[in-house]
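Asker: Spelled out from the first residue to the last, the chains are:
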Amino acid sequence: MNNSLIIGQYVPGNSLIHRLDPRTKITVIFFFVFIVFFANNVVSYSILTLFAIACIVTSRVPIRFIAKGLTPVWFLIIFTFILHLIVTKEGTVLLEILGFKIYSGGVIQGFAISMRFFLLILVTSLLTLTTTPIEITDAIEEMLHPLKKLKFPVHELALMMSISLRFIPTLMQETEKISKAQASRGVDFKTGPIKERIKAIVPLLIPLFISAFKRAEELAMAMEARGYQGGEGRTKLRELKIEKRDMLIFVLFVFVIAGLFYFRSW
Amino acid sequence: MRSNRTLFLIEVAVFTALALLLDILPLSFKIWAQGGSISFAMIPVFIVAFRWGVKGGLLSGFLWGALQVATGTAYILHPLQGFIDYAIAFTVLGFAGIFAPKIQQAVKHNNTSSYLSYIALGVLLGSFLRFVAHYTAGVVFFESAIEGQPVWLYSLVYNGSYMFPSFIICTILVFFLFHTQPRTLLKAA
Numbered sequence: 001m002n003n004s005l006i007i008g009q010y011v012p013g014n015s016l017i018h019r020l021d022p023r024t025k026i027t028v029i030f031f032f033v034f035i036v037f038f039a040n041n042v043v044s045y046s047i048l049t050l051f052a053i054a055c056i057v058t059s060r061v062p063i064r065f066i067a068k069g070l071t072p073v074w075f076l077i078i079f080t081f082i083l084h085l086i087v088t089k090e091g092t093v094l095l096e097i098l099g100f101k102i103y104s105g106g107v108i109q110g111f112a113i114s115m116r117f118f119l120l121i122l123v124t125s126l127l128t129l130t131t132t133p134i135e136i137t138d139a140i141e142e143m144l145h146p147l148k149k150l151k152f153p154v155h156e157l158a159l160m161m162s163i164s165l166r167f168i169p170t171l172m173q174e175t176e177k178i179s180k181a182q183a184s185r186g187v188d189f190k191t192g193p194i195k196e197r198i199k200a201i202v203p204l205l206i207p208l209f210i211s212a213f214k215r216a217e218e219l220a221m222a223m224e225a226r227g228y229q230g231g232e233g234r235t236k237l238r239e240l241k242i243e244k245r246d247m248l249i250f251v252l253f254v255f256v257i258a259g260l261f262y263f264r265s266w
Numbered sequence: 267m268r269s270n271r272t273l274f275l276i277e278v279a280v281f282t283a284l285a286l287l288l289d290i291l292p293l294s295f296k297i298w299a300q301g302g303s304i305s306f307a308m309i310p311v312f313i314v315a316f317r318w319g320v321k322g323g324l325l326s327g328f329l330w331g332a333l334q335v336a337t338g339t340a341y342i343l344h345p346l347q348g349f350i351d352y353a354i355a356f357t358v359l360g361f362a363g364i365f366a367p368k369i370q371q372a373v374k375h376n377n378t379s380s381y382l383s384y385i386a387l388g389v390l391l392g393s394f395l396r397f398v399a400h401y402t403a404g405v406v407f408f409e410s411a412i413e414g415q416p417v418w419l420y421s422l423v424y425n426g427s428y429m430f431p432s433f434i435i436c437t438i439l440v441f442f443l444f445h446t447q448p449r450t451l452l453k454a455a
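Protein chains in written order, with my numbering: chain A, 1 to 266; chain B, 267 to 455.
Please note that a few of the clues may not be correct.
Stated by the list, open to error - Listed next, the in silico DMTMM-like pairs over lysine to aspartate or glutamate satisfying Cα-Cα at most 25 angstroms (straight line):
hint, chain 1, residue 1, chain 2, residue 2
1, A, 101, B, 289
2, B, 321, A, 90
3, A, 101, B, 413
4, A, 244, A, 96
5, A, 68, B, 289
Stated by the list, open to error - Examples of chain A residues lying across from chain B (beta carbon under 10 angstroms, computed):
hint, residue
6, 59
7, 83
8, 100
9, 101
10, 104
11, 113
12, 132
13, 140
14, 143
15, 198
16, 201
Simulated from the structure, these hints should not be mistaken for lab results.
Bear in mind that the values here come from a model prediction, so they are computed numbers and not experimental data.
A virtual CB, placed ideally from N, CA and C, is assigned to each residue, including glycine.
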C-alpha cells in the first residue's frame, strides 16, 4: 500500500479549517470568487489578502503544498503582468527599455490582476487542501438537495461521485499492473516517436477497459443483491452538522465583505 | 429480471474514474499551463456515450467536471469561466452519444466502415462542443484579465493548441480500440 492511494491534494490535519463543515467552506469560497472582482484599491486588496493569509495560517498546511498548487498558474500570472506592462499606457513613464515605455498605470494594473489570480488560486486550493473529495461530495449532495424537487438526480450524482473517487486508486493499481505486464512483453510506453507511443497505449487501454466493465458489473450485482434501489430512505454513514465554528466563520466573512465594500473606491 | 439502472449508474461512475485517472497518468502529455492538456482522458466518456447514449455521456462528462473541482485539479479564475469550463465543457462531450444507436446497429451487423465513421463523427462532435465551451470560457477569462485586447485570438490559440491534438489522438485511439474490440461498444445486457 502506498500513499498515492489518496487522490487529490488533501493534506490531513486537525486544524479549525479542516474541521469546518465542508458546506461552510464551499459557500465562503463561492462568494470569495465573486467578491475578489470588486477589490480595486490597496485597502480592499489588503483586506482580502489578510483574510486569505489568516485562513492559510489557521489551516497549518505547509507552505510547500500551497506553492505546489500555484505552480501551474505562475506562467499565467507572469504573462498577464507583462502584457499589462506593454499595453497599458496610463500614468507616468517609469522606465524606457529599447523604445518600450513602461507606465506606472501598467505596473499597478498588472500587479492588481496578478494579485487577483493569486488570491483566487490560494483560496480555492485551500478548499481541496483541507477537505477530502468525499467530504466535498457529501457537501454537494446536501447543497443540491433543493434541486430534487425539479427531478434532478442529486442522490444518484453523489453516489456516482463517491464510487468514482473510490475506484480511482483501484484502477490506478490495475493500470500499473497491466503496464508492467505489457512492458514485460516488450511494449515501450516512454520512448520512441509519438506515433509509436500512441500505438503502445492500445494494449494498455483494452485490458483496462475490459476489467473496468467487469468491476462495474460485479459492483452493480452486489448492490442489487443487497437491495439497493435508489435514494429513497437511505441513511448516511457521515452526517454533516453546522457547528458554532461554522457560524463564527460566516460572521467573520460577512465582516470581510462589508469591509471590502466600504473601503473600495467607487 | 435485472434492472439496468444500477449497472448504468455504476458503469458511468467507474468510467468517469478512468477519465480522471488517465488525465493524471504521466502518459498524457500535460504541458499546457493551466487546465488544458493533450491527453486521451476523453476516451472513457466517449465509450460511455457510445454504449449508453446521450444521457450516459452527458452524465459522465458532468461527473468528470465535478470531480476535477472536488479533487483540486480545476482552475477557477473567474466565476463564469469556472462554470463554463467545469460544469459545461466536459458535459457537452456526451453529445457524442447521439450516434450511439447507429453505432450499436453497425457493430451488430459487423459493418466496420460504417461504425468507424460514426465513431469519428461522434468524437468530432463531442470535441468540437467542448472546444466551443473552453473557447467561450477563455474569452470570458482573458476579457477579465486584459481589456482591449484581441481576446478571441488568445483564447482560440490557447484552447485550439491542445484541443486539436487531443481530438486527433482520441479519434485514432478510439478507432484502434474498437477495431480490435468491437464488443466493448455493445450495450451490456
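Asker: Work down the list of hints and note, for each, if the structure agrees.
Answerer: Tested hints:
1. A:101 - B:289: Roughly 43 angstroms separates the two Cα atoms, so the pair is violated.
2. B:321 - A:90: 52 angstroms, violated
3. A:101 - B:413: 19 angstroms, holds
4. A:244 - A:96: Measuring from Cα to Cα gives roughly 56 angstroms; hence the hint is violated.
5. A:68 - B:289: 18 angstroms, holds
6. 59: 14 angstroms, violated
7. 83: 5 angstroms, holds
8. 100: The hint is violated - residue 100 (chain A) has no Cβ within 10 angstroms of chain B, the shortest such distance being about 17 angstroms.
9. 101: 17 angstroms, violated
10. 104: With a closest approach of 17 angstroms, the residue 104 (chain A) hint is violated.
11. 113: With Cβ-Cβ at 5 angstroms, under 10 angstroms, it holds.
12. 132: 9 angstroms, holds
13. 140: Where the cut-off is 10 angstroms and the nearest Cβ of chain B is about 7 angstroms from residue 140 (chain A), the hint holds.
14. 143: 12 angstroms, violated
15. 198: Hint on residue 198 (chain A): holds, closest Cβ of chain B at ~6 angstroms, below 10 angstroms.
16. 201: The hint holds - residue 201 (chain A) has a Cβ within 10 angstroms of chain B, the shortest such distance being about 6 angstroms.
Hints 1, 2, 4, 6, 8, 9, 10, 14 from the earlier list are contradicted by this structure; the remaining hints agree with it.
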